[in-house]
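Protein chains: 2
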Amino acid sequence: MPSWNDGPAKEAILSFAVRVTKADGPDYVAPAERIAVFDNDGTLWTEWPLYTQGFFTLERVRQLAPKHPEWCRRQPFRAALTGDFKTLAESGAKGINAIVGATYAGDTPEEFQAEVSEWLATAEHPKFKAHYDRLVYQPMLELLGFLRAKGFKIFIVSGGGVEFMRAFSERVYGVPPEQVIGSSIVTRYEVVDGKSRLTREAKINFIDDKAGKPVGVNQFIGRRPIAAFGNSDGDFQMLEWTTAGAGPRFGLIVHHDDAAREAAYDRRSSVGRLDRGLDEAGKRGWTLVSMKNDWKTIFPPRR
Amino acid sequence: MPSWNDGPAKEAILSFAVRVTKADGPDYVAPAERIAVFDNDGTLWTEWPLYTQGFFTLERVRQLAPKHPEWCRRQPFRAALTGDFKTLAESGAKGINAIVGATYAGDTPEEFQAEVSEWLATAEHPKFKAHYDRLVYQPMLELLGFLRAKGFKIFIVSGGGVEFMRAFSERVYGVPPEQVIGSSIVTRYEVVDGKSRLTREAKINFIDDKAGKPVGVNQFIGRRPIAAFGNSDGDFQMLEWTTAGAGPRFGLIVHHDDAAREAAYDRRSSVGRLDRGLDEAGKRGWTLVSMKNDWKTIFPPRR
Numbered sequence: 156m157p158s159w160n161d162g163p164a165k166e167a168i169l170s171f172a173v174r175v176t177k178a179d180g181p182d183y184v185a186p187a188e189r190i191a192v193f194d195n196d197g198t199l200w201t202e203w204p205l206y207t208q209g210f211f212t213l214e215r216v217r218q219l220a221p222k223h224p225e226w227c228r229r230q231p232f233r234a235a236l237t238g239d240f241k242t243l244a245e246s247g248a249k250g251i252n253a254i255v256g257a258t259y260a261g262d263t264p265e266e267f268q269a270e271v272s273e274w275l276a277t278a279e280h281p282k283f284k285a286h287y288d289r290l291v292y293q294p295m296l297e298l299l300g301f302l303r304a305k306g307f308k309i310f311i312v313s314g315g316g317v318e319f320m321r322a323f324s325e326r327v328y329g330v331p332p333e334q335v336i337g338s339s340i341v342t343r344y345e346v347v348d349g350k351s352r353l354t355r356e357a358k359i360n361f362i363d364d365k366a367g368k369p370v371g372v373n374q375f376i377g378r379r380p381i382a383a384f385g386n387s388d389g390d391f392q393m394l395e396w397t398t399a400g401a402g403p404r405f406g407l408i409v410h411h412d413d414a415a416r417e418a419a420y421d422r423r424s425s426v427g428r429l430d431r432g433l434d435e436a437g438k439r440g441w442t443l444v445s446m447k448n449d450w451k452t453i454f455p456p457r458r
Numbered sequence: 156m157p158s159w160n161d162g163p164a165k166e167a168i169l170s171f172a173v174r175v176t177k178a179d180g181p182d183y184v185a186p187a188e189r190i191a192v193f194d195n196d197g198t199l200w201t202e203w204p205l206y207t208q209g210f211f212t213l214e215r216v217r218q219l220a221p222k223h224p225e226w227c228r229r230q231p232f233r234a235a236l237t238g239d240f241k242t243l244a245e246s247g248a249k250g251i252n253a254i255v256g257a258t259y260a261g262d263t264p265e266e267f268q269a270e271v272s273e274w275l276a277t278a279e280h281p282k283f284k285a286h287y288d289r290l291v292y293q294p295m296l297e298l299l300g301f302l303r304a305k306g307f308k309i310f311i312v313s314g315g316g317v318e319f320m321r322a323f324s325e326r327v328y329g330v331p332p333e334q335v336i337g338s339s340i341v342t343r344y345e346v347v348d349g350k351s352r353l354t355r356e357a358k359i360n361f362i363d364d365k366a367g368k369p370v371g372v373n374q375f376i377g378r379r380p381i382a383a384f385g386n387s388d389g390d391f392q393m394l395e396w397t398t399a400g401a402g403p404r405f406g407l408i409v410h411h412d413d414a415a416r417e418a419a420y421d422r423r424s425s426v427g428r429l430d431r432g433l434d435e436a437g438k439r440g441w442t443l444v445s446m447k448n449d450w451k452t453i454f455p456p457r458r
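Here the protein sequences line up with chains A and B, keeping their order. Under this note's numbering, the first sequence is numbered contiguously, ending at residue 458. Under this note's numbering, the second sequence is numbered contiguously, ending at residue 458.
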């Protein structure tokens with residue numbers, strides 16, 4: 156993990172990996188049980204000043220607005236139309252997934268993912284002036300690779316839409332679609348003119364955030380992970396449930412304290428608010444990562 | 156696949172596997188896309204004369220009945236109490252999952268799975284006089300192993316309860332819990348006296364049957380399988396959606412036509428009804444397996 160500075164955070168990761176893989180040690184964990192869950196926004200890539208999926212939906216809302224005069228009065232559509240990032244961020248996973256449902260209803264999952272891929276290939280982040288999928292955290296990519304080499308199976312567990320993430324998770328993180336858990340909208344199976352298809356509906360199915368995260372993890376994975384990685388209070392319950400299991404457990408929170416290289420925000424932020432996690436990480440034995448001090452670099456080198 | 160007789164069914168399986176794995180062939184499929192989905196009841200193990208999960212719930216309903224006088228009047232509880240397999244089977248995935256929800260509400264997933272494991276270790280099938288988890292189909296176990304050796308990733312996609320199957324899927328089929336998709340009840344995350352837990356509620360979350368199967372597959376796997384295996388009209392849409400994709404596709408239906416060694420049932424059965432699938436398998440290019448003619452043996456040798 157060359158982008159990690161030596162220090163307690165890196166030390167905690169390495170020592171946990173040694174403990175669970177030492178075949179004759181007291182804390183050995185069989186490979187099948189080496190499940191690690193990672194939040195996405197703010198943990199694996201930037202969420203500042205707005206979740207990437209928020210930016211993605213902004214453009215679509217603007218395109219479709221002429222057909223939906225009511226959006227000027229209805230939140231979170233109004234916020235999307237007026238570029239009010241704060242209100243949009245505060246609407247959270249639920250708000251953004253509601254917009255995605257409404258704006259992409261009628262698509263098949265494949266059509267929707269093609270639109271996400273096309274957007275990722277062209278759109279540019281307003282602050283960092285790069286494609287969004289280049290704004291992943293280099294130290295976290297190295298951590299994913301390190302854990303994989305130690306026999307871990309990596310799952311992404313995000314408040315973001317599962318089909319949004321599946322458009323890029325394999326290419327960007329090496330995480331295949333069947334290892335991505337997220338919020339979802341209702342999808343309907345139908346046969347139209349003799350052709351079978353799945354159709355996305357404008358209705359939320361599941362919100363994979365806060366107490367929804369352990370529920371989603373249990374529903375999709377069916378066993379309790381031994382390691383959980385997040386950055387906000389939306390990840391609190393996932394870390395709490397993961398680290399409450401028997402045997403060796405690991406919890407880690409990325410703290411955005413690097414105004415110079417990315418952004419500094421925590422307790423009062425409308426994106427990725429980290430308040431309770433900051434208070435309780437120490438007493439719960441969770442590792443708090445300072446982006447400023449623990450990471451040599453934030454983003455991968457420019458291509 | 157030593158338990159398969161030579162014939163068109165075995166030939167179709169082998170030839171599909173050759174086509175998709177031939178690296179320089181026109182039908183080559185990359186390993187990551189070699190997803191195969193299998194129904195469980197009636198496809199991987201016996202469902203006759205009642206789904207195994209039906210037997211499991213019968214006992215529990217009888218235990219709890221004194222506390223629930225209303226069950227004598229309410230279906231499908233009444234059927235469970237009176238041993239009316241036909242009505243219970245006709246209540247389908249929804250009925251059985253409703254009973255499981257009601258009878259095991261309040262358990263954690265771990266507690267529920269421990270109860271399933273204990274039951275499987277002791278209960279005996281009324282007809283075949285063996286533990287239920289010995290009543291798996293030997294030819295299908297060999298098929299799972301064959302596909303794995305060809306680089307396929309196997310998912311179980313069942314109308315049965317996902318947490319019921321996860322209690323045995325890894326041990327019996329070699330399919331880890333994160334590759335099991337099924338019906339589910341609502342689970343709530345809560346912290347009780349400072350201890351975090353998931354609690355099963357008496358409310359259905361998702362029914363993974365009929366048109367629910369392609370929906371569940373998309374939700375959990377996020378890509379369309381290239382091969383699907385089932386035995387009843389509950390699997391029809393899963394086979395339809397799987398085989399409608401581009402490139403090489405494979406669909407297979409196990410036909411229960413072996414009254415001597417297991418059971419003969421199809422169009423008019425209350426368990427695993429196979430009617431439309433029987434009519435349409437031929438014209439859709441799906442392989443129809445005759446248990447009587449294609450399988451040398453049904454169950455694994457007695458231990």
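Treat the hints with care, since some could be wrong.
Copies of one chain are not kept apart here, so a pair can be met inside one copy or by any two copies together.
[Said to hold, decoys possible] Derived lysine to aspartate or glutamate pairs resembling EDC-like cross-links, with alpha carbons at most 20 Å apart: (1) K308 to E188; (2) K282 to D413; (3) K305 to D288; (4) K308 to E325; (5) K350 to D239.
Note that these hints are calculated values from the structure, not bench results.
Checked hints:
Taking the shortest alpha-carbon separations for K308 and E188, both the intra-copy value of 9 Å and the inter-copy value of 18 Å come in at or below 20 Å. For a Cα distance limit of 20 Å, the shortest separation of K282 from D413 inside one copy, 15 Å, qualifies, whereas the shortest one across copies, 68 Å, does not. Taking CA atoms no more than 20 Å apart as the test, K305 paired with D288 passes in neither setting, with 26 Å inside one copy and 33 Å between copies. In this assembly of identical chains, the alpha carbons of K308 and E325 lie at most 20 Å apart whether taken from the same copy (13 Å) or from different copies (16 Å).
Taking the shortest Cα distances, K350 and D239 never come within 20 Å of each other, neither inside one copy (41 Å) nor across copies (39 Å).
Hint check: violations occur at hints 3 and 5; the rest are consistent with the structure.
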